[in-house]
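*Asks:* So you can see what is in the structure, the chains are spelled out below.
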Amino acid sequence: MISLKAETIEKIDKLVPRYPTVRSAALPLCHLVQEDLGYLSRESIEWIAERLELQPINIQELVTFYPMLRTEPTGEYHVRVCRTLPCALAGAYQTCRSFEKEFDCKVGHTSEDGLVTLGFVECHADCGKGPVVMVGEDEYTDINPKKAVEMAAKMKSGELSKGL
Amino acid sequence: MSQQETRLIFKHIDEQGYTNDIDCYVKNGGYEQLRKAVTMRPEDICAEVLTSGLRGRGGAGFPAGMKWKFLDRKSGKPIYLICNADESEPGTFKDRQIIHQDPHQLIEGMICTAFAIQAKLAFIYIRGEFFEGYKILERAIEEARKKNFLGDNILGSGYSCDIIVHRGAGAYICGEETGLIESLEGFRANPRIKPPYFPAALGAYQCPTIVNNVETLCDVKHVIEMGGESFAKIGTPGNTGTRIWCVSGHVQKPGYYEFACADITLGQLIYDICGGLKPGRKLKAVIPGGSSSKILRADERFIGKLKDGTEYDWGIEDIPMDFDSLMAVGSMSGSGGVIVMDDTTDMVEALANINYFYAHESCGQCTPCREGVPWMRKVTQRMLDGEAREEDADLLKSIADQIAGRTICAFGEAASWPVQSFIAKFKDEFVEKAQEQAARRKEGKETAETTTLI
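Just so you know, the sequences run in chain order A and B.
In this text, residue positions in the first sequence follow this note's numbering: the first is 1, and each later residue adds one.
In this text, residue positions in the second sequence follow this note's numbering: the first is 1, and each later residue adds one.
For the record, the hints were derived by calculation from the structure and aren't laboratory data.
Keep in mind it's a predicted model, so treat the numbers as computed, not measured.
Treat the hints with care, as some may be off.
For each label pair, taking beta carbons as the anchor points, the in silico distance ranges come out as [unchecked claim]:
#, chain 1, residue 1, chain 2, residue 2, range
1, A, T64, B, E229, 43 to 53 angstroms
2, B, K233, A, E35, 44 to 54 angstroms
3, A, T64, B, D272, 29 to 39 angstroms
4, B, D428, A, G163, 38 to 48 angstroms
5, A, E53, B, F70, 30 to 40 angstroms
6, A, G108, B, S75, 44 to 54 angstroms
7, A, T8, B, L306, 24 to 34 angstroms
8, B, E317, A, H109, 44 to 54 angstroms
9, A, E10, B, G76, 31 to 41 angstroms
10, B, D299, A, T8, 53 to 63 angstroms
11, B, F70, A, G108, 42 to 52 angstroms
Glycine included, each C-beta is placed from N, C-alpha and C at the ideal position.
Extracted from the complex, chain A is given alone in its bound form (with noise of 0.2 angstroms):
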């Protein structure tokens, strides 16, 4: 069994009768499940269906397609850096080369410690103050090679929001 925070379950039971069909509560759920506990277990994914009277593999397929979604847990800092074209021309690698050096962890890996796990991410729509960068839910813009080591010292430290 999953426990829930009351106010999750309050969240839910508000939205679920508001869809024309309960199955479009399938991706709002996963969203606050996963804001709940940090990640989609099986079990999660198990409660989602039988609340919205579906099967798991129908609420699996979601988890398996949406990029956002995770099933497993992130470090304590969960950082995005986005790569894509615009922020790939102000200088998106180099700033993640920063961050990798910074946290010795790969993009696309948490590291040894738990204290971050870092990845690329694809167009955020904040394209004309590229590089950007995600620290949970925050943004943070402009980020050159010399500003990520600054914000990767703020983690180490804990003085950087975890942006949850």
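Mind docking chain B on chain A? Use the hints.
*Replies:* Here is chain B on its own, set in the frame of chain A:
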């Protein structure tokens, strides 16, 4: 040509002291057009929008009034309105500003539209990465509900409509309207085949549905305010209203700039408005309408005839920024995302970056796209890994040619156009890459180079 911005949609964007709450919006004349709209006959609003010539701002540029006309009103089924706020075409960042800084303009435009098409329920499909935008919209909707601008019996008109904000989860294909609908219904965002699944006939929940972009819906508010005929006077015939150009890449002042259609040329946009390129750099290429639009080469001459018969002979800097001119030169204005590249850009790397994006985003439903797009990514990546072959340019083109036109949705074209146009315009660089590597190999040197764009 003037170089003054015409700020219609972006009137209050970045304005000092302007806040995104309902009080500020109402103080600045907000929701007056909704008050007016609910006293009009819905079909009269539709007629005004048709007269305005308003074309969709999401990418395809299809006339909004025409789209609404296709709505199946006889089916007896409920009608739905969906706002496409999935803004995810690389290089585009206009809808983000509206959502963050002026969300009530969108809500007003949406309720006006919902009333015009007599929608029962409306949705805003917002991309999952807009965490803050989602919260702002949720709050704005509650504010509007309290003032009866949405909900039951809106402003005593007898018309009721609610808005649900629905979050995506990182999939580009949700910007395609039928993929969006699948996603909204709780499925993978695999686009539907048209016909029969034109949303206006068989859309969300198999009911007639209108899907419009954020900017388009905001425009509706202004059409109601000034009337279709006056709106049509902004810009040029067939290219009415304003466009928000989002400029990114190698310019001094990237950003968003709103101009009446055709009021500015690409050269003025880059050099006068965006401060030109960095010192000592030269313009090499421009992708004018989001990453799927075809690339333009800086030293090209564009010669031909416009739809109205006018002959043109333009350099890249002379191209008027509007729907038809950019289409005439073989590209498109798309979503308004202008990506500028200077002479330091390696075109093989740039294409490799774009191919990575499309390979990542293919929904996997149609074989040519699922297999072909990752194949194109692999070829450009191999070229940069030091294994470029002289025939790669032709190979890339042949793969792209076999994807475009052979898929359910326009993603096949979106992924092929960059490849086709990069090869058409910059084939020499692809061939040179192979020749340089061959020369280095002969000398016993490492063939792969450090890359910056991939």
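*Asks:* May I ask which of the numbered hints given earlier this structure violates, with the numbers listed in increasing order?
*Replies:* The structure breaks hints 3, 7; every other hint is satisfied.
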